[in-house]
Amino acid sequence: MLGQFVAVACAVCLSTTSPASAQKPGLKGKKASGHPISARLVSDADALVPGGEATLALVLDIRSGWYTYWRNPGETGLPVNAVFDAPEGVEIGQPMWPAPKRKVLAGGILDYVYTGQAVLLFPVRASGSLQAGAEVTIRGSADWLVCEESCIPGSQEVSITLPVRASASTASSELFQRTRARLATRVGDESRVGISVDDSALEIAAPGATGIRFYPFYFDELSFVDPIADGESDGEQLRIGFEGEFPSGAVLGEIEVIRGGKSEFYVVAPDASGGG
Amino acid sequence: MRNLSKLVAGAVSAAAIAFGAAIVSAPVSAGGHEEHAEVGQKAPDFTLVDVNGKEHTLSDYTNDGKIVVLEWFNSGCPFVVRHYDKYTTMADTSAKYAGKDVQWIAINSGAPGKQGHGKDKEAIEAWNIEYPILIDESGKVGHMYGAKTTPHMYIIHKDGTLVYAGGIDNDPRDSMPYESKINYVAKALDEIIAGTPVSEAETRPYGCSVKYAK
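Line order of the protein sequences matches chains G and W.
In terms of numbering that gives the first Met the number 0, the first sequence opens at residue 0 and continues consecutively.
In terms of numbering that gives the first Met the number 0, the second sequence opens at residue 0 and continues consecutively.
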């Protein structure tokens, strides 16, 4: 079970065709005129360099008022999924997920979502065997569930063609900067963020913070007791109880620490960061 | 536990207060119902009316020697559509066990005006649904069971114990052939009927959110 939600990257999801084909008219009241998400691939580099690396962004532009889901979608929904068909000499790695937003639905249901735009970053490695002067086309297929009041599954084929050159220029566009700014990193300075865990609760302490948000990963054997109330704090501390087996060494999730009006994002790995 | 744990929220907020977080006026909010479902415990009893106005009481079925399957339902949800239209998971599974003292019951906890509300009769006709769909527009029973998704499945044994809570199968993305999916409900029913413990008593449900009232 766990694998399906966490390792949503590639291998697991071979040939998923769009569940949209499952829908027949009749029961659905109305059909939206256009799908609320459109997908595209963007590269941070203008070329692939033999033996070099680049980053691809899968960008989902989401219609206002709609949302799609993070790697742990929360209590409902499905994470965005992408499968690539990498050509010879190109290797595409696991996605990097920028931190989501919390969304509390009527009746007390908590989801982790993206609004406006969902951007997943994929590391790309070009083999030294690629020939300068050639062109490489990377094709992929993305699928997702997008919701407003109701939910619609969607999928789209995406592709990008890049030249192979001896050198490339990498433009760190606003899109990449904004996305990377929401990628969680290991806590470097424990005086700024302390993470600790006891038998039944996870504690975050971030001096000077005006808000802390916890975005947990999903575990079969571990559940957080009241993530709606306790997964968000307006102060320097956050404490959230859990039940079940604490997965030793596992990354429990990510936190957003708001300090001086800016957000910082950290990986919550109590063992590795010296806590617990 | 994970799907049901929301309901013990009140108790645990106390711990947060002890920790010194700026005292919240204990958000006992949505989860404040007294009875809540927990696997291994007695399932909370309820009475709801079906789309034809007929009353159904859980304990009437269990007292009558039935194993009861509860399926949270919303005909507008694509995940529900998947199991009624692309596949016939619900029809197949309910039919397979109908002669084995199993009563299948669908529940719609959607609020008036929300997706799927008031569409149950159409669904019964379109999908030839042969079991009752109960109306829970206040969401009371949905909250009692901690139902989050459509579908969200529960099984109550003849003695009234909740023995399964979770998904219909192990394939949220619909990435496997129908025959390869593990139908958790069928698996649990086989085990119950064989008199053995349910090996996977809690799984992660998947689907649309239940369209509760605010």
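Careful: at least some of the hints might be erroneous.
Calculated cross-link-like contacts (lysine-lysine; reagent style BS3-like; alpha-carbon spacing at most 27 Å) [unchecked claim]:
(1) Lys95/W <-> Lys41/W
(2) Lys100/G <-> Lys213/W
(3) Lys102/G <-> Lys261/G
(4) Lys65/W <-> Lys213/W
(5) Lys65/W <-> Lys53/W
(6) Lys102/G <-> Lys99/W
(7) Lys213/W <-> Lys102/G
(8) Lys41/W <-> Lys120/W
(9) Lys118/W <-> Lys41/W
Hints in this document: simulated from the structure, not taken from any laboratory.
Status of each hint after checking the structure:
no.: 1; hint: Lys95/W <-> Lys41/W; in the structure: holds, 26 Å
no.: 2; hint: Lys100/G <-> Lys213/W; in the structure: holds, 20 Å
no.: 3; hint: Lys102/G <-> Lys261/G; in the structure: holds, 20 Å
no.: 4; hint: Lys65/W <-> Lys213/W; in the structure: violated, 34 Å
no.: 5; hint: Lys65/W <-> Lys53/W; in the structure: holds, 18 Å
no.: 6; hint: Lys102/G <-> Lys99/W; in the structure: violated, 42 Å
no.: 7; hint: Lys213/W <-> Lys102/G; in the structure: holds, 14 Å
no.: 8; hint: Lys41/W <-> Lys120/W; in the structure: violated, 31 Å
no.: 9; hint: Lys118/W <-> Lys41/W; in the structure: violated, 31 Å
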